[in-house]
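Given these sequences and hints, build the entire structure.
There are 2 protein chains.
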Amino acid sequence: MKASILTIGDEILIGQIVDTNSASIARHLNNAGIVVWERTSVGDQREQITEAVKRAMNQSDVVILTGGLGPTKDDITKKTLAELFGSRLVCDQTVADHVRRMLEARGIEYNRLNRDQALVPACCTVLFNAHGTAPGMWFEQNGKVVVSLPGVPFEMEHLMTDEVMPRLKARFSLRQIVHRTLITAGLAESMLAEKIADWENALPPYLHLAYLPAPGVVRLRLSAYEVEGESVSHEIDRQFAALQRIIPRYVLGFERATMQEIVHNLLTRRRQTLATAESCTGGSIAARFTAIPGASAYFLCGVVAYSNESKSNLLGVDPETIACRGAVSEEVARQMAEGARRTAGADYAVATTGIAGPAGGTEQKPVGTVWMAVAGPHRTVTLLKQCGTDRGQIIDRASAFALALLRDEIERDAAGE
Amino acid sequence: MKASILTIGDEILIGQIVDTNSASIARHLNNAGIVVWERTSVGDQREQITEAVKRAMNQSDVVILTGGLGPTKDDITKKTLAELFGSRLVCDQTVADHVRRMLEARGIEYNRLNRDQALVPACCTVLFNAHGTAPGMWFEQNGKVVVSLPGVPFEMEHLMTDEVMPRLKARFSLRQIVHRTLITAGLAESMLAEKIADWENALPPYLHLAYLPAPGVVRLRLSAYEVEGESVSHEIDRQFAALQRIIPRYVLGFERATMQEIVHNLLTRRRQTLATAESCTGGSIAARFTAIPGASAYFLCGVVAYSNESKSNLLGVDPETIACRGAVSEEVARQMAEGARRTAGADYAVATTGIAGPAGGTEQKPVGTVWMAVAGPHRTVTLLKQCGTDRGQIIDRASAFALALLRDEIERDAAGE
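Protein chains in written order, with the working numbering: chain A, 78 to 494; chain B, 78 to 494.
Worth flagging that the hints you see were computed from the coordinates, not collected in a lab. Everything hinted at is true.
Identical chains blur together in the list; that is why a pair holds if it fits in one copy or across any two.
As a list, the in silico DSS-like pairs of lysine-lysine whose alpha-carbon atoms are at most 25 Å apart:
#1 Lys156 x Lys272
#2 Lys272 x Lys150
#3 Lys442 x Lys462
#4 Lys131 x Lys79
#5 Lys221 x Lys156
#6 Lys221 x Lys79
What follows is the structure in structure tokens.
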């Protein structure tokens with residue numbers, strides 16, 4: 078079973094938005110055993126849309142489209158699909174009632190443009206969109222399925238989950254796709270590949286290995302397409318276990334686990350608590366933890382101490398130290414972590430202080446210089462890292478290094494018990 | 078001049094990563110007057126890559142590829158392009174020396190896999206990648222240009238800026254594309270469209286209008302393709318000025334301005350300072366400001382007060398109030414904002430306290446309930462909002478509402494002076 082994904086909108090082609098819909102649709106399809114063959118984006122133009130849908134229908138069994146379903150003139154997907162399938166637009170009363178109710182609740186006038194949202198090609202099955210005014214549409218022709226969804230990510234996501242996937246599973250008999258990921262840290266891609274070459278060469282032919290490098294980690298993904306899921310999963314378990322014996326020190330975790338999730342799990346399991354004290358990372362580390370459901374079980378508080386005064390007032394950093402060593406210094410990082418740990422009454426605190434740029438760099442401390450510290454029950458450790466030249470990159474990398482340092486300390490303490 | 082963008086990698090098709098490269102390449106091309114006709118992603122398979130490149134060369138003058146250039150077996154783009162252009166792989170000594178130096182600096186062994194990074198198709202022009210080990214490659218055939226770049230966003234970005242765009246500008250005589258965006262807030266898309274229908278209908282035919290709705294805002298984009306940039310820019314200025322006269326209360330700003338950038342500009346211009354006190358938004362508001370270069374001019378500090386104790390210790394919230402009214406209450410939001418303003422000695426402080434879920438909701442205060450407050454020089458205002466049902470969405474929306482409240486207060490104070 079093959080699928081193609083087609084996202085529609087000039088805003089994608091001019092780079093005004095990043096297309097996140099394609100990735101989440103791809104995950105839905107993969108989880109159900111449907112292979113995504115190609116992903117395409119075209120503009121809001123009749124010929125482009127028509128040609129892209131036809132091509133996708135030639136190459137795949139299922140085509141999922143998003144975008145171009147808004148109430149305004151520039152959105153033409155619905156009209157184009159009606160033409161393509163030789164169908165006229167008719168009013169769907171359920172959709173019309175829903176749109177009116179939805180707008181009334183939000184105090185928005187029900188006008189001609191909104192009424193047009195209830196027009197759908199007569200030949201399609203309407204997929205009810207509880208979260209928006211543009212309905213989804215399901216077309217079938219010559220055994221192929223074409224589904225058109227609104228481009229608003231939140232609405233698309235609900236329709237994929239509640240309507241599209243159940244219908245695809247009922248309509249087709251699907252085999253399984255298995256993707257499993259092992260995350261390594263501490264080895265460059267080329268060194269990792271050399272170390273595991275024998276293991277890689279001995280993999281069964283139906284398992285495909287991919288290397289996915291990112292700052293600080295290399296993910297190894299094993300994929301098998303259209304197989305019996307359970308036995309393949311067991312085989313991957315065996316292969317990953319063998320791999321862990323080859324590179325025991327370098328395995329960070331599995332699947333989509335991020336460093337913050339690993340720390341989250343460690344702290345939750347050990348019923349320990351955390352505080353953060355951030356300067357250059359500006360709240361990013363706190364935000365990474367608090368984005369995870371259940372963070373309130375261990376995350377007590379965070380301080381974003383941007384000004385020198387706040388470093389002293391909120392975290393008890395000695396103003397003398399700031400004056401002598403500078404705000405970006407090992408000693409200030411240490412005092413920030415220890416101050417946050419003390420103030421919050423937390424088991425661990427992590428701190429960052431650095432120069433995120435673009436201004437503020439000096440010869441001794443260029444942009445990208447970041448000191449980090451972790452204060453724990455037994456000791457405080459510090460680390461100096463050069464985190465790059467771009468502000469966003471520096472914030473990301475400094476957050477990643479600080480989280481890794483925090484994890485190392487928690488694991489060290491756990492091992493010592 | 079038309080271009081196609083092709084991103085290569087199984088990780089895109091299975092939804093393991095979101096393809097951000099396409100959007101940034103599209104922005105580069107658009108800025109130089111090159112129309113992006115289509116954007117496609119295919120897997121790491123020889124036939125798929127070959128077919129996609131051929132198709133892109135048929136439809137466009139320029140094809141930009143990213144991905145599949147790593148040192149490991151699963152990356153096959155380079156080999157495939159060599160075959161497609163009938164060229165053999167040869168060693169590029171400059172690249173080889175660069176790779177060896179780069180790895181030495183990072184303490185990584187120079188092995189066979191890395192040596193292969195210096196192999197390039199004999200027919201291509203090598204684009205030197207100062208930031209990574211995989212070089213870019215520039216091919217020409219029958220007047221068409223095909224460029225292959227590494228998939229690491231940071232490396233791709235530098236190569237686009239330093240190598241690809243200057244060469245494209247030198248190689249082709251380009252016209253201009255103009256995109257300009259006006260951001261509205263406070264009107265639903267359909268109401269906005271009705272209010273500005275006369276203006277929209279009177280637009281000159283070479284200006285294309287697009288509506289881009291997002292939570293809380295609708296962006297209006299005017300685009301003109303392959304025109305004389307300066308005169309079109311003036312015409313768009315006139316059109317936007319006319320539009321502002323039609324909906325004066327609803328214009329938020331221009332271009333890619335975000336609410337935090339608008340507040341950033343207001344505070345910078347007025348030389349005023351800011352502190353944040355976040356519970357449910359968990360550092361997101363602080364992180365939004367501190368991501369902007371120059372934030373240290375006004376951003377003094379932020380507190381992520383997740384535990385009740387930290388709300389009292391760090392922000393001076395009365396424990397009685399928390400006990401009587403609950404941590405998610407108007408009074409606690411008010412005390413958080415006022416406490417942060419006082420502690421930091423800031424002109425303004427913004428606070429959030431709410432239930433981000435998935436657990437913690439009650440009948441009176443369901444998941445998504447968020448109280449926010451802004452304390453300023455003259456008064457403190459509070460606002461209650463239902464921010465949705467999904468944790469990530471609640472954090473985003475609560476941050477957006479709190480920022481809008483902050484902006485309103487600063488503008489109100491500015492107008493009162």
